[in-house]
Each structure stands twice: as structure tokens, then as C-alpha cells.
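Undergrad: With chain A held as given, fit chain B onto it using these hints.
Going down the list, the sequences are from chains A and B.
Position 29 (the first sequence) corresponds to 29 in my numbering; numbering is contiguous.
When you read off a place in the second sequence, starting at 1, and then add 1000, the result is the number in my numbering.
By construction, these hints were calculated from the structure, which means they are not laboratory data.
Among the hints, a few may not be true.
Straight-line C-alpha distance at most 25 Å; calculated SDA-like pairs for lysine to any residue [said to hold, decoys possible]:
1) Lys1376/B with Val1044/B
2) Lys1376/B with Gly1307/B
3) Lys1031/B with Ala172/A
4) Lys1198/B with Asp1253/B
5) Lys1376/B with Ile1353/B
6) Lys1031/B with Leu101/A
7) Lys1031/B with Asp205/A
8) Lys187/A with Asp1378/B
9) Lys1198/B with Asp1284/B
10) Lys1031/B with Glu249/A
11) Lys187/A with Glu170/A
12) Lys1039/B with Glu1055/B
13) Lys187/A with Gly1396/B
14) Lys1376/B with Ser161/A
15) Lys1039/B with Glu170/A
16) Lys187/A with Lys1039/B
17) Lys1039/B with Asp173/A
18) Lys1198/B with Gly1283/B
19) Lys1376/B with Lys1198/B
20) Lys187/A with Asp1253/B
21) Lys1376/B with Ile100/A
22) Lys1376/B with Ala1129/B
23) Lys187/A with Leu1406/B
24) Lys187/A with Leu1053/B
25) Lys1031/B with Pro174/A
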Amino acid sequence: MAQRGDGRRPTSVALFATCVADFASPGPARAAVEVLERLGVRVVVPAAQTCCGQPALNSGYPREARSLARRWVRLFEPYEAVVGPSGSCVATVHHHYPRILTGPWRDRARAVAERTWEFTQFVAAFGGDLPLRLDTTVTYHDSCHMLRSLGEAEAPRAVLSRIDGLRLVEMADPDTCCGFGGTFSAKLGEVSGAMGGAKLRQAADTGARELVSADSGCLLHLQARADATGGSARTRHIAELVRDAMQPEASA
Amino acid sequence: MSAEVGFRPEPFPVAARTALADAQLRRNLGKATTTIRAKRAQVVGELDDWEALREAGRALKERVLRHLDDYLEQLEESVTQAGGHVHWARDAAEANRIVAEIVTGHGEREVVKVKSLTTDETGLNEALAAAGVSAWETDLAELIVQLGRDASSHILVPAIHKSRAEIRELFLRTLDVDELTDEPTELAGAARAHLRRKFLSARVGVSGVNFALADSGTVCVVESEGNGRMCVTLPDVLVSVMGIEKVVPTWRDLEVFLQLLPRSSTGERMNPYTSFWTGVADGDGPQEFHLVLLDNGRTDVLADRIGRQTLNCIRCSACLNVCPVYERTGGHAYRSVYPGPIGAILTPQLQGIDRAGSLPFASTLCGACYEVCPVKIDIPEVLVHLRARVVEHAAGTRPVPGPEALSMRALGWVFADRRRYEAAQRAARAGSVTISRHGRIRRLPGPLAAWTEGRDAPTVARQSFRQWWAARGGAR
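Just chain A, same shape as in the assembly (with noise of 0.2 Å):
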């Protein structure tokens, strides 16, 4: 599991709150700013924050990429620390920006990158007196980014296994990609949803009630997939998950 920073917990963190918040789906940056204020850190969020350019850079305009990188750069060094609730986008601040920027830039990107986590990752590091329950079964499938480029795998798992209730039932293959792909989705749809229609039969076989990540990218996708071809597959992102076993706060 990835240590960032000195250990000790942030007064205060910027929430990254991606792109895909704004235009799509609320709800995990939601969730996040209200488990991290129950954890006891301040949160503000950057207004003029934006994109991180990963689309762009995914999709073959690397300059457009590197000058959203160098502003997402800007704004987000004044902090003390920064969350994000998707392991893609985080994973583009640590593993892209410093392949795709040069010089300063570069150094300052990294430096950020130090105090830039994944949600999870956060809430693992900081979180262990957070009381949470909540009676379910869910399947984690594993965002390839986060993965892979975050190299993030265990983080998620601990966050889980914290509450109590829950029950974690792993798919045969939680590390196998959805098959969202960002603008792959669109370009080879029929591919995209097939592959996705093989995670959902996964995440149905393990029993779970619902299919759990830490990428509103990949639910969308398969939440749509599920949609559409008449299943019954319930997703919710990692941190609506924990949002929801937060103990009122009389009892905390």
C-alpha cells in the first residue's frame, strides 16, 4: 500500500474532484468531501479546477495534455495535501505528468504528486477510527490505472475489510479490464461491451449484491451495460460505499 507524505494526517486536503464529477457523476466526489470531513480535515475544493488532461493525452493530443497537466500543477501545489475519489486520474498525476512534463514543471509535478492520493489510499492511512457497518456482499473489481499505473490494489481491500457487515467475495478475475477505455468505449463499442458484459457475469457469480471501484469511469460504463441489456447488477463507487456505513454522527 503506498505511504505518501510524513505520516501524519493532513489539517487540510484539496479534493480533486475530476472532470467525470462535473459532467457525469456527482455522487463519489460528494461522498468523498463527507467521509473526509468526518475524518476531521478540512476540505476545500479548488473552484477553477478542471481536467487532467488524461483524456487528451490518451487520445493523441499530448500538448493539450501537457498544458492541462502544467494547470492542474498550478492549482493544486499551494496544498498541503490532495484526495481524489478515482484511481485513473490520480494515477495520471503520478505515472503521466512526470513522463509527459520536462524540467521545472516535472519537479513541480512530482513534488505534488507526493501529497496526492487516492481516496482510498487516504482513508486507509487515516481512517482507522472511523466507525463503519454496512450488511452487504460486494465484488471489487479492480480500475486497470489504479492498478497498474497507481500500482493500488490493497488500499481498496483494507478500506472493505474495515467495515463491518460487509462482506468481500473476489471475482475469478478482479484485475481483468472492463473494457471502458475512456474514448475506447466509443470507438470500439461492440468490443467495450462485450468486455464488460464478461465483468458483469463475473461480479454476478461471486453472489455479491453489488459490484464495487474506485473509477466513476468503469461504473458508468457497466451500470449503462447492465442497464441496457436488462441485468440486475447494482455498482457503487468505493467511496458512496463508505459515505453510506458512516455511523450517524451522535454515535461517532
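TA: Using the frame of chain A, we list chain B on its own:
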């Protein structure tokens, strides 16, 4: 740059759609790749120094590429000293001409072949046929492809798309057999009887090369069936065609590669047959040996700082077996002898972006290929790099930017400014409400339509995260 034979120049999305509709193909592929993935994972898991071996393989290949000119000249000298002949071929046509001239120069009309991707790449069989020479494939899967007038769909298992029942039917139709079940031993027996006649009659053998040692001039071919051993020992004349990146400095380097290759490709600790030969030896094996060094676009790949790691490839096919896209589409959709993730980066670099520009987009960038690559080719990194080259190429050939370039540039403009970004959110929300019915969007307009094939579109949330945050009076 060569045109590859047997493939229509269809873009990947079109070809993938056809493949996806073939249920039998998907069953065959799913079964085969699942089995081989499990075998690989098991034998790789046995080695506690696997990561160190991968790093050693990568570093060795990188050194070879950095000093490629020196190693190739050293190889030429060593092979020549050992009594072999070395030929340099700029492209596929030149390589094919050299091989055809050697065969016809001996008055021969047929050759036996060891499975070789390099000669598939050059279209050697077709070139030999044009020169009046029959080339007989002797690897079982290559034979199946050849008899069926089919095309290879996998680097290691060219007939992976065929079931046993389909192979039985093919053999009954094309080989001299009356009765046959679909038991693997019976199928192999029928092929063996056919091939033995060819091994004993052909006077020229043609092979590819897995490794060639610069310091001794020794050439190595790795295989599973023993057909390769027959081809490189029985004929009087042996011609081996190798891509220039296949040279390695010395014997000791094989310690690394001969551990990496079999475990990654067939999931075996060691492959059954590993043949080495050094030039010619009096009265033992072929008495004439030719080594053809093929460029065919490789020096262009070498000149690309990010793309050059593609030349590390030892053709193990582990990336195909783990790729969820390949598992759905099969190899034919890539329209190249190099399919799957490695093909998606190698083919556009060898053939040119203009001929294979859809391939770098045939991936979700999931990175499973990089994880298993025994020589650590960062395939997602090269894919993204090539996507940028495709975009650049399109910008250079179009009089006005295409719709994607326009929308991407527009997105860059919107994302660069908070007010424009928030205005775009409002517009998206309004648009989403306009086209949705009962809260669902079943069909998106324009270039986004592909998303709604087999999926609903997500509707834009009624209250954006920003509105919620502002309503809450949150700090900024």
C-alpha cells in the same frame, strides 16, 4: 515497407465487429487463451527472480539496440568465418529475391519451412510460388493455416481460431486420409505422415531465427514439435531469415532469454526443441548455410526514442494471451502477421501510420500486456505515443481538421478556463435532459453513437458537484 499478403486493409473497428459476431471463434479463443494464461502464471510463479530476469532481458535488448550496427557486423564476420553466407536485405522484396535465387540456383522446386513470423512478414511463400517454388509449412498450426488457405491469427499458435472438429474436417478434405477422429494424437498423426514425405524429399530448408550470437555466429531456433529440428538438419541447403534486432551479443545472454521465452510463450519451463548451428560442419547437417539479415522498416523503428522498445520483442505472445481485446476479436481483425498488443504497436511502425493507423486505438490501455511482457515493453506507452503520431499524420494530410481533432482542441480550450468549463457543464446538462426519455438515454447523437451500442448513456446529473458544493457554502 512491405505490403502484407492475405489481409484486406480494413480498419480495426470494422474487422473487430465481424470477429465479435463469430460465436465459435470467441469460444475457441476464450478456451485457448484461458488455458495458456493459467499455465504461464504457474511457471512464472515458480521463479522468485522473475522480475530480475525481465529486467535483465530488457537491459540486454536495450544494449543490443544501442550498438546494433557493431553487433550485426560482428555476426556477419562470425557466420562467414564458420562457413556461412550472410546477405543484407533492405526490405521484404529484397529478402524474398535472395531466398528465391538460392533455391532456384540449386534447381530446386520445393522447400520445407520452420514456422517463421519474419518470412510471413515478407510474404516469402507467395514470392517463392511466383518463382515456381512450393514452400511447405511443417509446424502443425502453420500447416493447418496453409492447407485451409487461411491466415495466421496468433504469433505462437497460428490456428488458435480453429477447433479440433474444424481441423479434422480440413484434414479429411486436404490430406491423404480416409478416416480420422478429432483426437489430438490422431490429428497430429495424419499431419506427421504428410510432413515426413516432405522432410525426406526437400533439399532446401528455410527457417526464421530466435537468437543469433554475434560472437560465435551461432544461430538458434526454439520450437515444440521437432519439425524445426528436421528442417535445419535434413536438407543440404539451409536459409535462415532474421530481423536485424534478433542478434544477441554472446552465449551467456541465452541464460536469460531461454528462461524468459518458454515460460512466457507456451507456459513451459523449457521448450522441447532448441536447435543451434554454427555455419557448416563437414558431413553433418546442411552443407550450405545462408543467413539473410532483414531490415524492412526496423531501422525506422530504431530511430524513434519511444517506439524503439518494440524491437525488444522476442515473439513470445504472452501479451496476446492476456489481452481482453484480442480475446474478443481474435488475430485476424489486426490484419497483420503480428496481431494483439504487440501487433498494435509493431505493425503501424513497420507498415506506416497511414496503412495501420487504427491499430494504436485497438486497446483500452489496461496494461495487462506490459505486466506480462518478458522484456518489459511498455506497450501502453508506445500505443499512446503512436496515437499522437496518427493524429499528427491526419492533421498533416487533411486540408481542415477532422471532427475529432476539432472537438479535442475545443475541449482543451474549454478545460483551460473555469468559466468556459462551467458553461459547458450547463450546456451538457441541458442537452442530456433534451435527449433523454424517462431518465435514460438509449442513443447518443453523432460520433458518440458507438457508446450506445449495447449500453445506455449516462445522463448528466441534475445537480452538479459544483452546485452541491456551492449550496453547502463550502470553502474554496
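Undergrad: Indicate, hint by hint, whether the structure satisfies it.
TA: Quick rundown of the hints versus the structure:
1. Lys1376/B with Val1044/B: holds, 15 Å
2. Lys1376/B with Gly1307/B: Judged against 25 Å, a Cα distance of about 13 Å means the pair holds.
3. Lys1031/B with Ala172/A: holds, 15 Å
4. Lys1198/B with Asp1253/B: Distance ~35 Å between lysine 1198/B and aspartate 1253/B Cα, so the pair is violated.
5. Lys1376/B with Ile1353/B: It holds: about 23 Å lies between the C-alpha atoms, which stays within 25 Å.
6. Lys1031/B with Leu101/A: Not OK: lysine 1031/B and leucine 101/A at ~43 Å, beyond 25 Å, violated.
7. Lys1031/B with Asp205/A: holds, 18 Å
8. Lys187/A with Asp1378/B: holds, 22 Å
9. Lys1198/B with Asp1284/B: Since the Cα atoms of lysine 1198/B and aspartate 1284/B sit roughly 20 Å apart, the hinted pair holds (cutoff 25 Å).
10. Lys1031/B with Glu249/A: Distance ~52 Å between lysine 1031/B and glutamate 249/A Cα, so the pair is violated.
11. Lys187/A with Glu170/A: violated, 30 Å
12. Lys1039/B with Glu1055/B: Holds. Lysine 1039/B to glutamate 1055/B sits at ~22 Å (cutoff 25 Å).
13. Lys187/A with Gly1396/B: Since the Cα atoms of lysine 187/A and glycine 1396/B sit roughly 22 Å apart, the hinted pair holds (cutoff 25 Å).
14. Lys1376/B with Ser161/A: Violated: lysine 1376/B and serine 161/A sit about 34 Å apart, past 25 Å.
15. Lys1039/B with Glu170/A: Status holds; Cα separation ~21 Å.
16. Lys187/A with Lys1039/B: violated, 33 Å
17. Lys1039/B with Asp173/A: holds, 15 Å
18. Lys1198/B with Gly1283/B: It holds: about 22 Å lies between the C-alpha atoms, which stays within 25 Å.
19. Lys1376/B with Lys1198/B: violated, 39 Å
20. Lys187/A with Asp1253/B: violated, 42 Å
21. Lys1376/B with Ile100/A: Satisfied, since the Cα-Cα distance of roughly 20 Å is no more than 25 Å.
22. Lys1376/B with Ala1129/B: The hint is violated at about 38 Å.
23. Lys187/A with Leu1406/B: holds, 16 Å
24. Lys187/A with Leu1053/B: Given that 25 Å is the threshold and the Cα spacing comes to 37 Å, the pair is violated.
25. Lys1031/B with Pro174/A: OK: lysine 1031/B and proline 174/A at ~19 Å, within 25 Å.
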